[in-house]
Amino acid sequence: MLTSGPVLTAFLIGAIAATTSGVIGVFSVLRTQSFAGHSLADIATTGGAGAFLVGVNQFWGFLVAGLAAATAMEAIGVQRRRDRDIATGVVLGGALGIAALFLYLGTQHTSRTGASFSILFGSIFVVAPDTVPAIIAAGVVAVATVAVLSRRLLLTAVAPELARARGVSVRLTGIIFLAALAVVVSLSAVAIGAVLSTALLVGPAATALRVTRSPGKAVLVSAVTGLAATWTGIALAYESYYWPPAGHGWPVSFFVVALVLVAYLLSYARKPRRMPPRSPHEEAAECSPA
Amino acid sequence: MFPLLQLDGVGVRLGGRQVLSDVSFTVGKGEFAAIIGPNGAGKTTLIRVILGLRPTSAGRVIKGVNGAGAGRVGYVPQKIVIDSDIPLRAWDVVALGLDGHKLGFPFPSRRRREQVEQALQDVGALGYADARVGELSGGEQQRVLIAHALVSRPQLLLLDEPLANLDLRSEQEIVTLLGKLAREHEIAVLLSAHDMNPLLPVMDRIIYVANGKVATGSTDEVVTSEGLTRLYGHPVDVLRVRGRVVVVAGD
Ligand SMILES: Nc1ncnc2c1ncn2[C@@H]1O[C@H](COP(=O)(O)OP(=O)(O)OP(=O)(O)O)[C@@H](O)[C@H]1O
Ligand SMILES: [Mg+2]
Numbered sequence: 036m037l038t039s040g041p042v043l044t045a046f047l048i049g050a051i052a053a054t055t056s057g058v059i060g061v062f063s064v065l066r067t068q069s070f071a072g073h074s075l076a077d078i079a080t081t082g083g084a085g086a087f088l089v090g091v092n093q094f095w096g097f098l099v100a101g102l103a104a105a106t107a108m109e110a111i112g113v114q115r116r117r118d119r120d121i122a123t124g125v126v127l128g129g130a131l132g133i134a135a136l137f138l139y140l141g142t143q144h145t146s147r148t149g150a151s152f153s154i155l156f157g158s159i160f161v162v163a164p165d166t167v168p169a170i171i172a173a174g175v176v177a178v179a180t181v182a183v184l185s186r187r188l189l190l191t192a193v194a195p196e197l198a199r200a201r202g203v204s205v206r207l208t209g210i211i212f213l214a215a216l217a218v219v220v221s222l223s224a225v226a227i228g229a230v231l232s233t234a235l236l237v238g239p240a241a242t243a244l245r246v247t248r249s250p251g252k253a254v255l256v257s258a259v260t261g262l263a264a265t266w267t268g269i270a271l272a273y274e275s276y277y278w279p280p281a282g283h284g285w286p287v288s289f290f291v292v293a294l295v296l297v298a299y300l301l302s303y304a305r306k307p308r309r310m311p312p313r314s315p316h317e318e319a320a321e322c323s324p325a
Numbered sequence: 062m063f064p065l066l067q068l069d070g071v072g073v074r075l076g077g078r079q080v081l082s083d084v085s086f087t088v089g090k091g092e093f094a095a096i097i098g099p100n101g102a103g104k105t106t107l108i109r110v111i112l113g114l115r116p117t118s119a120g121r122v123i124k125g126v127n128g129a130g131a132g133r134v135g136y137v138p139q140k141i142v143i144d145s146d147i148p149l150r151a152w153d154v155v156a157l158g159l160d161g162h163k164l165g166f167p168f169p170s171r172r173r174r175e176q177v178e179q180a181l182q183d184v185g186a187l188g189y190a191d192a193r194v195g196e197l198s199g200g201e202q203q204r205v206l207i208a209h210a211l212v213s214r215p216q217l218l219l220l221d222e223p224l225a226n227l228d229l230r231s232e233q234e235i236v237t238l239l240g241k242l243a244r245e246h247e248i249a250v251l252l253s254a255h256d257m258n259p260l261l262p263v264m265d266r267i268i269y270v271a272n273g274k275v276a277t278g279s280t281d282e283v284v285t286s287e288g289l290t291r292l293y294g295h296p297v298d299v300l301r302v303r304g305r306v307v308v309v310a311g312d
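Just so you know, the protein sequences line up as chains A and B, in that order. For the first sequence, the residue numbers in our numbering are 36 to 325. For the second sequence, the residue numbers in our numbering are 62 to 312.
Among the hints, erroneous ones may be present.
[Stated by the list, open to error] With the Cβ distance kept under 10 Å, some of the chain B side facing chain A (calculated, not the full set):
#: 1; residue: G113
#: 2; residue: L114
#: 3; residue: P138
#: 4; residue: V142
#: 5; residue: I143
#: 6; residue: P148
#: 7; residue: L149
#: 8; residue: R150
#: 9; residue: G158
#: 10; residue: D160
#: 11; residue: K163
#: 12; residue: G165
Hints in this document: simulated from the structure, not taken from any laboratory. The beta carbon of each residue, even a glycine, is placed where N, CA and C say it ideally should be.
Work out the full structure, taking the sequences as your base and the hints as a guide.
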């Protein structure tokens, strides 16, 4: 298995998609922007389909559409949580309509019916080697951006007002984060497809947030969980060529998403951590009449 | 006394309406001042103006000794709702008060750890330093947020309604704590509240906000039937019963 070039590339791309999604996923769950992440992924479909139509690599389509959508969502207004969901929904609806059109046109004008499938569910075994450096660079930039902004992102998540009082531009921080999120979503769209990339973004992060207490550990556990699911998924997909129905192979995205789900369910099996014992004084205060 | 904060004829317009006008007062080192007023009087607005988060339409706000600059200002906003599943321990929230606005990773040092622990100890929250902040009770969170504001050793501490949602006992404890911080650390403490009674034992100065104006001085000077009647612009009676002050609308 490890002697095949495409498979090695798949492991590399999978590692980048999984670790970057794991890291940024923690911050998007923390900032309650999972829906934004999911929408960016769906919108990336539009870009992927458009790229296919004009004959360029899907990754560029994912990236351009994701960044454009992030800008549009921010421009419409994302100051309050509700506005954020509305802005996201509006952009999402429009983009999915265009995606449907592009996919339709794409399959009408070419004989490659597999294109819709690879846009929606990933194409990790057939990544063009010349996009690999771009994918690596995009992943590094996105994670570095989030690392540099990490403390501001945490402070804003506790309360935007606290960040503002410290002179942090909450809006600018939000825009940069959304752009980094768009980049990461494009990466995992290549790996497991636009539709399922949310699973890699949210699943490992949600798992990590259940079993850890501090943000640093959550990021680490999330990245490792995503990586384990993705690598195992790729290996299983490769092996599945020998499974019935023989000679077809099961999609990578199916295995990855299933494994992420298993990890999340396992986090429930863990006994919930108990709060540290409170001092008797506080117990008394709670019982005293207010 | 060195004024750490001075407001000179400050006016604020919001949405085309004059919310505050001609607000002047000073708060000195080690002084405990309280902004008192009914809902919607402009307490939060006043605090946000001092922080520079709201523009003034008139007057000026001078911070620091002899206007030497803001110094460090600690701030506890009104009504923060912390998600119960946010993966931050009380410790992390306090550490963010030290350097949460900075870029990059914090450099874990012994000094940083000691500063955070000291702040947690100052507010009596060391016992739940490792608990998830969203799982703490309202009073416990309030202490953690005060520690967040205190950890950078501010000269001026601004707290917006820190006593809301606290039971009687926590209320007294927080008031005692803030009074002690003002005296022992020589911090200027300025907080807002809608009820002055819990603050009477520690308050050096009252800034009474009503009707878009303020009256300031000691409680005995400001909180009188004549004074508040002038401020509200309609008859008000001030009653003092069993060491409590009650303000009632007269007729
Ligand atoms: N952004 C805004 N635009 C227009 N008016 C505003 C704005 N923010 C506050 N106001 C108005 O300014 C007045 C003062 O509000 P503020 O929040 O300062 O009151 P408060 O004294 O803090 O009240 P509370 O005790 O309820 O916290 C209110 O009448 C409010 O409606
Ligand atoms: Mg207020």
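Status of each hint after checking the structure:
| no. | hint | in the structure |
| --- | --- | --- |
| 1 | G113 | holds, 9 Å |
| 2 | L114 | holds, 6 Å |
| 3 | P138 | holds, 4 Å |
| 4 | V142 | holds, 8 Å |
| 5 | I143 | holds, 6 Å |
| 6 | P148 | holds, 5 Å |
| 7 | L149 | holds, 6 Å |
| 8 | R150 | holds, 6 Å |
| 9 | G158 | holds, 8 Å |
| 10 | D160 | holds, 7 Å |
| 11 | K163 | holds, 6 Å |
| 12 | G165 | holds, 6 Å |
This entry satisfies every hint, going by the numbered hints stated previously.
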